[in-house]
Structure formats: C-alpha cells, structure tokens
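If you want the building blocks of each chain, they are given just below.
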Amino acid sequence: MFTGSFIEKKKINGLDTYLVNKTGFHENYILLSIDFGGMDSHSIYHEKECNGKIPYGTAHFLEHLIIQNNQFDALHRFGEMGSSINASTNYEYTSFVISCTEQLELNIQMILKLVQSISITNDIVEKEKKIIKQEILHSQSNKKAKCFTNLLSDLYGDESGGAQPIVGNFASIDSMDANIMERCFQKFYSIENMKLIIIGDIIPEEIYSIIGDEVTGSTLKEKNRYLPLLPVKRESLKIEPINTNQSVLLLGSTIANESVTSSDTDIQNEFMIRIGLEILFGRTSDFQQKIYSHSLVDRDIDVKYEISNSYSFAFLSAITSKPCVLMEEIRLAKNKIQARSIDDYEFLISKRRIIGMIIDVYDNPTKLANSILHYSTRGMNFCDVIKVINKITKKEVIDALYSHILI
Amino acid sequence: MRSEFLTKNFRNINFHLLPSKKYFQTTIAVRMYLDLDEKVATGAALLPYILLHGSEQFRNNLIIQSKLDVEYGAKIGVSIDKKGNKQVLCLSLKFYNQNHKIINPEILNILHDLLTKPLITKKSVEIEKKLHVSRIHNEIFNAYNYSYKKSLLYLQSKPQNLYIDQIGSIHEIEEWNETNLASLYQKILQTSSIHMYVIGDFNEENVLEQLCGYFQIETDATGQTIIPPCPVQSNIKTYNSEKYQFKHSIMTTCLSTGGITFKNKDYPALVVFNRLLGGSAHSRLFMNVRNDLNAAYSIISILDAINGLLFIQTAIDPASEGMVLRKIFDEIKSIKEGAFTKKELEATIKTLINSYKLSQDSPISLIDFHQNGIVSGQVRSMDEMIDYMDRIKPQDIQDVAQVLQGYSIYTLGER
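Protein sequences appear in the order of chains F and S. The first sequence lines up with residues -19 to 387 when you count with our numbering. The second sequence lines up with residues 121 to 535 when you count with our numbering.
Same shape as in the complex, but just chain F (with noise of 0.2 Å):
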C-alpha cells in the first residue's frame, strides 16, 4: 500500500509550517505563502471596517512590489546565493518559491525577511505600472484564462472577486497608488496570515530552529477573510473562439459546499465528486472514447473539481472545432448515465486513476508543496487523502453524482 511522504506540521510564533523531507533530492523547494489572492478584490469582509473593495489587481501588484522591493533587491540576493524566486498569485493566495540546492538557512532566512518589511512609494508604484500593463497584454493572448474568469463572472456574478482577471484590468489598475498597497500589506502581509512549506533532504529540527529565529517579534493578529462567495447561477457555459477553426470550450456547475464535520468528511465529499467525473467524463468514459473517435478535440479534455473556503464548482474544458456538438455530447452522457448502472470495474479503474494522480504529486516538490497549501487552507492534511480514498464505495460515489452533478 502506498504511504506517500511523511508530513510534518508546526505552528511556529504564529506561522503554519510544513516539512516534508525528501531523501536523495537536490531540490531545496521553499514555499511562503500569503493568504491573499484575487478573489480578496470587491469581496465582503467578516469586519465593518474592512469593507471598501480592494481594487481588481491588487495581490497580484503587491506580489509585484515585494519581488522589486527597494530595501531588499531580493532577485540579486537570491541570485548571488545561486538560487532562484519566483512568485505568483492566483485567487486564492500569494505565494513566493524559493528553489535552491545550496545555503538553506540562508535562503528561509531571506524569505521571512522579505514579506515582513516593504518601503513603498508612488514612484515605484507608477513604474510598476507600466509592467503591468505589458502583462495585462500578454495575458489576453491566453483565450482559455479568458475563458476562465468568464465563467468565474458568470457563475459568481460580475461584481464578485472572480469577475475580472487576477492581474486586474488597465482601469483597477490606474486606480492603485502607494496608499492602497501600503495598507494591504499591513493587513494581508503578517505572519499568522502565512504558510511557509518546505521540501527536500532536511532534517526538521534544523529548519523548526532557523524558522523560530526568524518569526519571533511577530505580533498575532485576528484572521480576517472574505465571506465565501454565493453562486448566482447553477450552470454556465463559455465559448472563446482561439483561431478560425477552433474554440476553448467551458461548461462549470457551482457545488454546493455541505457543512464540514471533519477533514476526512470534507476530502470524502471531494473525492465523491472527483470520481464521480472520471466515470462520467474520464478517460475510459463512453463520452470521452466517442468524441475522440468522432475527431471532436485533438488533445486531452480537463475535467476538474475546484475547491476552496470560497467556491465549490465542477468544469469540464476542451479545445475543439465543434462546440455545439460537444455540447450535446456532454448532455447525452449526463442522459445515458442516468439510464445504465455504472459497474465495478468502472468504479475501481476511475479511483484507481485518481488515486495514481495523487501519486504523481509526492514526485514533484512544486505539486506537493501547493497540495499541502491548497488542503490545509481548508483546514485538511494533505497525508490523508489516499486512505479516504480507499474507503470511498461505489454507492457513495454514485449518490454524490446525482446530488450534486446530474441535477
């Protein structure tokens, strides 16, 4: 049976941490998170105060400064120890990687330093600007996110945090100034609102020291997050055509999120759906076999389940040259399904697929690393998920796709 890597996990002076080691890697994979992302942007908060809308853009500009903070040149530090940063923000939460083979200490040290001080003035920020732009350009070429937050808007509304493009939009952008980004860094930037999780051959005693060294002036602070966002429409399909023969295609269901017991209910429910839609739209699917054989899409069809504390919904996402006949495929198999049994067979190869997935991430520390932040954002250990699978049955998977999918 497969056991995958041990998880370690610390509060450490108020910071979440995560090791994982890896005998016989080079890597040294260092991920600081910061629970601040897109959907933050014209969301509701839990505090009265907090409630003027953050500007579309701004975990993505502030992700920006930090990189280019003045005070630490943070590309040429890290540079000079060999090592590489970069970072990325998605709607969920900010995130810095730190990849090294060389100098841990040295490297964790200048990561908790870099997200815990920023000097920011207009100047940097107007110049900052001008980047962003370029990347707010460079981003519309990619027909499928654009794809994506059409979707999000839809099935979330166009006011929502969803609605617009995580690097935000040339006129949320224009609004930011040195004001808006100080105060998000005070706000989102503290150590209790972080995770730091790292991987490679380490020995945790070491790391659990250099870490403490490093956090113990931080002041705890309340969490303070967004109410999670309410769907405004079950369904929703888009259509972006990417050349004169072919589309990007996007069919989303919001799921309704079910009150949480426990973290093995709540990665239970998940997985339900999850192999659920293997068997309705997976790989060894009647659908799949037969949109391949009628040449409907030249590559791989994603069929996903997105989770968070904010949104629950299924897609479904293919390139292909005729999207209303896919459309009416992806309807038939929702039809047939409902006409037929799904066997055992069927059910043990889709979870055993699924479960070959969750192999896959222990090989790759930048997988593991954001599947151990994506679970326990939800208050989950990602170590657990390969035993609930296993005890998932055939009759619970079946009820969780007509609760939730076939309805």
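Incorrect hints may appear among the rest.
With a straight-line Cα cutoff of 27 Å, these simulated BS3-like cross-link-like pairs (lysine-lysine) come out [said to hold, decoys possible]: (1) Lys302/F <-> Lys250/S; (2) Lys142/S <-> Lys250/S; (3) Lys367/S <-> Lys126/F; (4) Lys187/S <-> Lys316/F; (5) Lys270/F <-> Lys249/S; (6) Lys187/S <-> Lys221/S; (7) Lys141/S <-> Lys347/F; (8) Lys367/F <-> Lys141/S; (9) Lys107/F <-> Lys93/F; (10) Lys447/S <-> Lys110/F; (11) Lys187/S <-> Lys269/S.
No lab work stands behind these hints: they were computed from the structure. Predicted model, so just to flag it, every value in this text is computed and none were measured.
Add chain S to chain F, keeping to what the hints say.
Below, chain S alone, put in the same frame as chain F:
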C-alpha cells in the same frame, strides 16, 4: 545518489537505465529518431498518436487505458518532437511500480505490444488525420513559435531542413493511409535509432534482462547511426516584420553561435554567456529591458545548442521596439568587451549549477539532456557540466561572445 544512465545496446534499441529510490513512480520513455524529411514528416507525426488506438493484444484505446488504470492510474503519453535535424517520435509511461526489483510485467507487456504490434487501421488513421489538422493549426496559430521559426528562416541564405515542422504539413495529410503508414512504421522500427529510458526504483540487472527479453525487434543494422547536424553559420544581418492583430509586438532575434554546438569544448562557456545575457530573472536583459526600461513583461534568451543558435524573444509595446533592440545589442556588445563584474559572473554560474542539480531531480530533464547529447554526438552528464562551471573564467565568456556575428530580427505585430 547516481545521476548517470547505464547504457546497453541491444540490436537497434539503446537502453538507458537509472535506478533511484528517490521517486515513488517509474518513468519509461521511448524515443525514435528519424531524419527530418518533408516526404515523411507528416506521416511520422501521425504515428505516435495512432499507436494509442490499439495493438494486437490490446485492441482499442479503451482497453489500453483501462489496463493502465488498474495499475494505479499508469499514464501513457505520446508526442512528436524535433531535435536538431531529427524528428523524434516520443512515447512515455509513468506508473507506480509496486515491485521494486523488476518492472511490472503487465506494463511492459502493454508497452511491447503497442510498440511492436500496433493496429494501424483505416478507422484509426482517419480519426487521427482529422485530429492532426487541429494539431497543425495549433502550431501555426502559436504566435511565439511562428515568430521563432521566421527569425530562423531569414538567418539562413539557403534554408536547411530545420524549417520542416515536426508536426508535418496540412497539405501532406491526405497522402497518408493505413497501408503507407504501416510500411513507414515498420521501416522506422527497423532502421531508426531507438532509445528507451527507464528511471525509478528497480534493480538494474533484473530490469535490463527483462527489457532484452521483451524487445527483440528484427532490424536493419545499417541505418541506425545518428549523424550530428551541421550548425547554422551565418553572417546575414536582417530585419523583417509582419503585421498581426496583437496590441503588442512579439520580437524574436535569432543569432548564429558561429558553429559552437553542444559537443564543442566552448559549449559550457556559451551556456554561461546565454545565462548572463538573458537566461534568468537576474540576467542583463531581464534587469534592463523589464526592470529599468519597463518595456516588456518578460524577455528571455534561449540557446539551441544542437543547431548552434541563440534566440532572444520578448513581447513589447510596439512603440518601444527601437529602444529594446538597441538595449539587446548594447548588452551583447558590453559582454563582448568584458564589461561584467566578477560578482555578476559568480552569481550566474551559481544559478546554473543550481539548475543542473535541480535537473538531476527530474526524470524528464535528465532524459531531455541525454537526448541532446545523442543527437549532437557527445553525451554529457549534469555532473560534468557542474565541473565545467566551476572552472569557467571571465575571459572564456568574453571569448565565446565574439562568435556571435549574424542575426535575424523578426517582429510580429504593428510597428
């Protein structure tokens, strides 16, 4: 932990094995090399995809995928690649190998049957021909690839076969049917150089014996040597542009490295030069064009050391094109004149050593780097490259920079 492959030749298959306990999964990658040739490129590009339609024992894709799923979601993938003047047919498998001594026989059985006894039927060929039109369209409509190819085309006074797309041509698709594709595949099996990589937690001797037992392909021993391509050498200096609907311009500058390729003694210095110029986020171009001029979101230089080429690619505001071009050539000139600090060079070398070490953790990177050696005529290891990095002197970088002479600039977008 070892990071070099053990290589054994058995008939026309070259097995490259790397046992390692650090991975939970095992990777098997098959690479078949054939000369880039317009007459067969489209047919050869169709073949890897047709292989997934079934074989004598596993009659269709559903059976293949279901059998692989039973083995904890083993994943099979195919693609078509280009390395130097070779078209490369690629098939890869990734799976959780519960038996840590030998490869799961069920997996090898599937691989063997797909590779040696494919069912190339009228139906599978017709399906793949339709899908291949879309694949070719995706290539054609990729503006970055297009700009890259056009910059190379204008650098050559007499186009070599490098311009041939590995994916083939839409105009050639109708020439192919189940009969000529089956003949082509048999010819490839018998005459092309085939390489099979296995990386994972297994016993080397046992697996070698297992592989030799499975793969006994009757071959024509005469045609299996890979002859390295001649590097592109050019003194042409040219600028070309084309209008497109973008709001920004994609600008690619292609330079000849004066004949220095992967197997050349100056290759390690050329790698450092490229990294210093534009190969990382703290390179000269990234810092100056992005961070100082604020003219681009990203700019990168990429070395194609098999063909002796260096590409610089960026997406910019059309109004800043002249300024960015001046900056690119100023930075090249500055390195040629030795205007870089010891600290700058040390940091560049450290980041390179870091990336070679990181690549040793990635089966795909190890295979790709080994393939570069196969096609170039000299296999290098990551450890060897790290040793070279430690010995590089500033003068080596200055010397190697002098070889850049010819260039071709190609801009796609409004000027």
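Comparing the hints with the structure gives:
This hinted pair checks out: Lys302/F and Lys250/S have alpha carbons roughly 12 Å apart, not beyond 27 Å. As the CA atoms of Lys142/S and Lys250/S are separated by approximately 41 Å, the hinted pair breaks the 27 Å bound. Under the criterion of a C-alpha separation no larger than 27 Å, the hint pairing Lys367/S with Lys126/F is consistent with the structure, at around 16 Å. For the hint linking Lys187/S to Lys316/F, the alpha-carbon distance of about 24 Å falls within 27 Å, and the restraint holds.
At most 27 Å may separate the alpha-carbon atoms for a hinted pair to count; Lys270/F and Lys249/S meet this at roughly 16 Å. For the given pair, Lys187/S sits about 21 Å from Lys221/S by alpha-carbon distance, which is consistent with the 27 Å threshold. With a CA separation close to 19 Å, the supplied pair Lys141/S and Lys347/F stays within the 27 Å bound. For the hint linking Lys367/F to Lys141/S, the alpha-carbon distance of about 23 Å falls within 27 Å, and the restraint holds.
With a CA separation close to 23 Å, the supplied pair Lys107/F and Lys93/F stays within the 27 Å bound. The hinted pair formed by Lys447/S and Lys110/F meets the criterion: a straight-line CA distance of about 18 Å does not exceed 27 Å. Straight-line distance between C-alpha atoms of Lys187/S and Lys269/S comes to about 40 Å, which puts the hinted pair past the 27 Å bound.
When each numbered hint is compared with the structure, violations occur for hints 2, 11.
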